[in-house]
Amino acid sequence: VIERWVALWDRREAPQSLALVRILFVGALLVDLLSSGAHGAVFLLWAPPPLGAAFGGVEVPSPLLTAWFGSSATTAVLLWAAAVLASALVVCGVAYRFTSSVLVVAMIALAENQPVGDGIDQLIYIVLPLLACSRADACWSFDAWYRARRGRPPETAIPAWPRYLLFVQLVWLYFSVARHRNATWGPLGGFSAVGNVLGDPHFARFAPGTLALLDPLLRVSTVCTMIFEVSAPLAPLWTWLDRRPSRGGRLGDFVRRARLRWAWLALGASLHLGIAVTMRLGIFPFAMLALYPALLFPDEIARGVARLSAFAASVSTKDPVSN
Amino acid sequence: MILSVQVRAVGSVWRYLRAGGITLLLLLGFVGGWQPIAPNVLAKLPARLGALAKRVPEVATVLLRPFAGVAGFFRITSEDWALFRGTGGVRHRLWIEARGPRHRSFVLLYRVHDPEHAYRKSTIEDRRVFNLWNAHNWGVSAAYPHFARWVAARIFEDYPHFREVRVREEQVTIRAASQGFTETGQFDYERVVRRDELRP
Chain H
1 VIERWVALWD RREAPQSLAL VRILFVGALL VDLLSSGAHG AVFLLWAPPP LGAAFGGVEV
61 PSPLLTAWFG SSATTAVLLW AAAVLASALV VCGVAYRFTS SVLVVAMIAL AENQPVGDGI
121 DQLIYIVLPL LACSRADACW SFDAWYRARR GRPPETAIPA WPRYLLFVQL VWLYFSVARH
181 RNATWGPLGG FSAVGNVLGD PHFARFAPGT LALLDPLLRV STVCTMIFEV SAPLAPLWTW
241 LDRRPSRGGR LGDFVRRARL RWAWLALGAS LHLGIAVTMR LGIFPFAMLA LYPALLFPDE
301 IARGVARLSA FAASVSTKDP VSN
Chain E
1 MILSVQVRAV GSVWRYLRAG GITLLLLLGF VGGWQPIAPN VLAKLPARLG ALAKRVPEVA
61 TVLLRPFAGV AGFFRITSED WALFRGTGGV RHRLWIEARG PRHRSFVLLY RVHDPEHAYR
121 KSTIEDRRVF NLWNAHNWGV SAAYPHFARW VAARIFEDYP HFREVRVREE QVTIRAASQG
181 FTETGQFDYE RVVRRDELRP
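Going down the list, the protein sequences come from chains H and E. In terms of the working numbering, the first sequence opens at residue 1 and continues consecutively. In terms of the working numbering, the second sequence opens at residue 1 and continues consecutively.
Simulated from the structure, these hints should not be mistaken for laboratory data. Keep in mind that a hint or two might mislead.
For the chain H half of the interface with chain E, some residues (derived, Cβ under 10 Å), not all of them [claimed, not checked]:
#1 A7
#2 D118
#3 I120
#4 R179
#5 P233
Where is the CB? At the ideal position from N, CA and C, for every residue including glycine.
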């Protein structure tokens, strides 16, 4: 058993899944950081009082970098700029080992200055070190391009364990969220939770009450959300059965015929897209979706990318006059 | 030959070390995700099981203590994800007001979902700034007073005639059937900042 457990974490696979997570997740973080800058919130968030609200207003020891460089608006801007630059370089896969480590340190420093955050911040602090330990730069990156330019062979297999851990993290996150839900998410509360959130002025994107006509649909979406989250621990099983056509007996046949794995993924994606359209939760839905490539195998990603490329090529080669 | 054998041996040890480290990480994550059992659930459990369940947070703390330094460094506080735990009931709506020396009543400058009162809306509604003032069931963040002072400072810069700024959150009741909310006229988390307080 131990040998099989060790072998599981020793597996290698093509780099497409982790590379896509790197681009999308850190891309979402980059947009988040840039939007704080565009909204004029950098001083407020990361400069100390009275100029800002840094240190979260709590009595904590001075953060390490701030202790070295002094607590000021300049330090706040420098930390933010370092995080932005490191994010951009990580997205492009430039000197990945170094820039991904700098990004981890920069985000920790920003968090020390401003401990107040939400769920997606907590996820960022977990995902970034995992990505930094991975070889997510092995394809679709400057580093890979540079390696090819120097005549070195491409890296076709990288350690798979960071993707497995991201998979476990997502599954656990959804299940943990489901365990916390109160009555409004269930039949006793009439599955009113999503409608309630859209009535909450702090979270609703549209004026609260605007979507009252859709109330039955919102109740259905509450039910779907709960089904999705409660069934999350089954996602690894469905994935395993989906990839092994000869395994699982009748259950395996059913899972493959009903495409349960893909139905679960589609439900999750639609949940996050629904959140993105109707609620104001910043990068939360996008950053969550950015982790979905970790739920897919590299060959599936490569096939999807090839199809997209073929579609794009067919569109670009069509004669615009005849259309 | 000898070097190749040595490299293979180190590689083999590394495989086990890595698998052990990942196993430890998974176990710590699992323990960090243990949710304290709600009192109503505890009451339904048999006495011995209930007494055991009550000790879950204490046991988790003891198990995680040796690793708290590393987790703290990476800002990983928990694997217990309580997102949108409860919805409906009484929620809050942020108001920002100001008044001059001769005005008895405050002038509304910003209110959530109020297009006519949208002072510095893009900054105030930035995702990270939102976390500073958004009221939870347990209250507002420790940064809320600093947020109030920051807003007051900006208002005093933009409107030299104002002398006082008031930041507060109105209680609103979420209506059934996705009908939105009802204002209650009751306010929480009121902070009043006077211009002379902000002078250096």
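### Task
Determine which of the earlier numbered hints do not hold for this structure and return their numbers in increasing order.
Number 5 - this is the single hint that the structure violates.
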